[in-house]
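Participant: Sequence:
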Amino acid sequence: MDGERYNIQVSVETQFIEKESDPEQARYVFAYTVTIVNQGSIPAKLLTRHWIISDAEGRTQEVRGEGVVGEQPYLQPGEGFRYTSGTILDTPLGVMHGSYQMLADDGERFDAEISPFRLADPRVLH
Numbered sequence: 237m238d239g240e241r242y243n244i245q246v247s248v249e250t251q252f253i254e255k256e257s258d259p260e261q262a263r264y265v266f267a268y269t270v271t272i273v274n275q276g277s278i279p280a281k282l283l284t285r286h287w288i289i290s291d292a293e294g295r296t297q298e299v300r301g302e303g304v305v306g307e308q309p310y311l312q313p314g315e316g317f318r319y320t321s322g323t324i325l326d327t328p329l330g331v332m333h334g335s336y337q338m339l340a341d342d343g344e345r346f347d348a349e350i351s352p353f354r355l356a357d358p359r360v361l362h
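When you line the sequence shown up against this note's numbering, it's residues 237 to 362, in that order.
The hints are simulated quantities; they were obtained by calculation from the structure and are not laboratory data.
Note that beta-carbon positions come from the ideal geometry of N, C-alpha and C, so glycine has one too.
Among the hints, erroneous ones may be present.
Claimed, not checked - In silico DMTMM-like pairs for lysine to aspartate or glutamate, Cα to Cα no more than 20 Å straight-line:
#, residue 1, residue 2
1, 281, 315
2, 281, 357
3, 281, 349
4, 255, 357
5, 281, 254
Stated by the list, open to error - Computed beta-carbon distance windows for the label pairs:
#, residue 1, residue 2, range
6, 359, 275, 35 to 43 Å
7, 279, 249, 38 to 46 Å
8, 305, 263, 17 to 25 Å
9, 251, 279, 17 to 25 Å
10, 275, 324, 37 to 45 Å
11, 253, 293, 17 to 25 Å
Using the sequences and the hints given, assemble the complete structure.
Facilitator: Written as structure tokens, this is what we have:
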């Protein structure tokens, strides 16, 4: 596979949502904003997502589904798409990573990897 043709860059910013969290009930709510940019030379559409979410106790959940936030963005070279979603953990710390399954205009399917990023309640980081 030609890396210059298929190059989707993914960056993530996270935020702890204190007002929706309840530590006494082991409920920690996080928002994450994802920016996806097509840095390749061929247009591609995001078909599906695959997330692996782990909490501080080692519990892991996998999430698979079509698109992101109800959309399947189609990205021309140089175009980007940004969205915000969220997750709930039983612990104040966790990690997420995964991939987007993409379809390029030439019919090639490829994965856009999402590097691990941390979810953390800033009150527990001393």
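Participant: Does each hint fit the structure? Answer for all of them.
Facilitator: Okay, the hints, checked on the actual structure:
1. 281 / 315: holds (11 Å)
2. 281 / 357: Not OK: residue 281 and residue 357 at ~34 Å, beyond 20 Å, violated.
3. 281 / 349: holds (15 Å)
4. 255 / 357: Distance of about 12 Å is within 20 Å: holds.
5. 281 / 254: violated (34 Å)
6. 359 / 275: 35 to 43 Å: Check passed, 37 Å falls within 35 to 43 Å.
7. 279 / 249: 38 to 46 Å: Cβ of residue 279 to Cβ of residue 249: about 26 Å, so the range 38 to 46 Å is violated.
8. 305 / 263: 17 to 25 Å: holds (22 Å)
9. 251 / 279: 17 to 25 Å: Violated: the Cβ-Cβ distance is about 31 Å, outside 17 to 25 Å.
10. 275 / 324: 37 to 45 Å: violated (32 Å)
11. 253 / 293: 17 to 25 Å: Roughly 20 Å apart at Cβ, these two residues keep to the hinted range, so it holds.
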